[in-house]
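Let the sequences and hints guide you as you build the complete structure.
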Amino acid sequence: MIDKALTLLNGQLNGFLNGRFSVNGSERAALGPVPDLSNDTPPSHPLTLSLVRVEEERVMKTQVATRMRDGQVEDVQPDVKLNLFLLVTAHGISYADALKFLSATVAFFQSRPFFDHANAPGLDEGIEKLLVELYSQSFEEQNQLWGSLSLRYLPSVLYRVRMLIIQDGTPLRTTPGIRSVDLSEAKV
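Going by full-length UniProt numbering, the residue at position 53 of the sequence shown is 53; the numbering climbs one at a time, nothing skipped.
Here are the in silico distance ranges between beta carbons for each label pair:
(1) ILE93 <-> TYR153: 12 to 22 Å
(2) ARG58 <-> GLU141: 19 to 29 Å
(3) ALA96 <-> GLU57: 29 to 39 Å
(4) GLY71 <-> TYR153: 51 to 61 Å
(5) TYR153 <-> GLU125: 30 to 40 Å
(6) VAL54 <-> LEU183: 42 to 52 Å
(7) ASP79 <-> SER22: 36 to 46 Å
(8) ASP75 <-> PHE21: 48 to 58 Å
(9) ASN143 <-> ASP75: 39 to 49 Å
(10) TYR135 <-> ARG20: 20 to 30 Å
(11) ALA96 <-> ARG152: 10 to 20 Å
Just so you know, the hints here were simulated from the structure itself, not pulled from any lab data.
All C-beta atoms, glycine included, are put in the ideal place defined by N, C-alpha and C.
Right, dumping it as structure tokens:
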């Protein structure tokens, strides 16, 4: 599910960038690890989208996990709601070009803060919607992130993608549903 969500966001961003910069068929953004530019082989695209953190959304955690299917009551494990932290890193032939693509990325997510089946037809049927919000870090948090990546800082922006729901769906137990209630023999 994570791969499908991030692939969709990458495709939508590429479509926007290709329209903005009048380029057809060329990928301007790609999913991958944060680039290490110390080896002098820059990536072939100016933006890299990297998953840098996954967190469980505990506020909206499901407690009861039952559902009705085909007249049966199924007990299932509660679904897991995830927030994904997506780091968009800009790099390119020139620093100015890197900043240009980073600015376009911010404009894209500002104009499209959510993705659902109406505005993103390629969204997987298992995903109801994705909310994308800018996640501002302090200098200390930013330093810790880049330090944990063991990389030199590159112009970047961090987004929180909310809320990816993962549910395996395999029932733990199935019981017949109540079809009718007969109160005619109830004693008063």
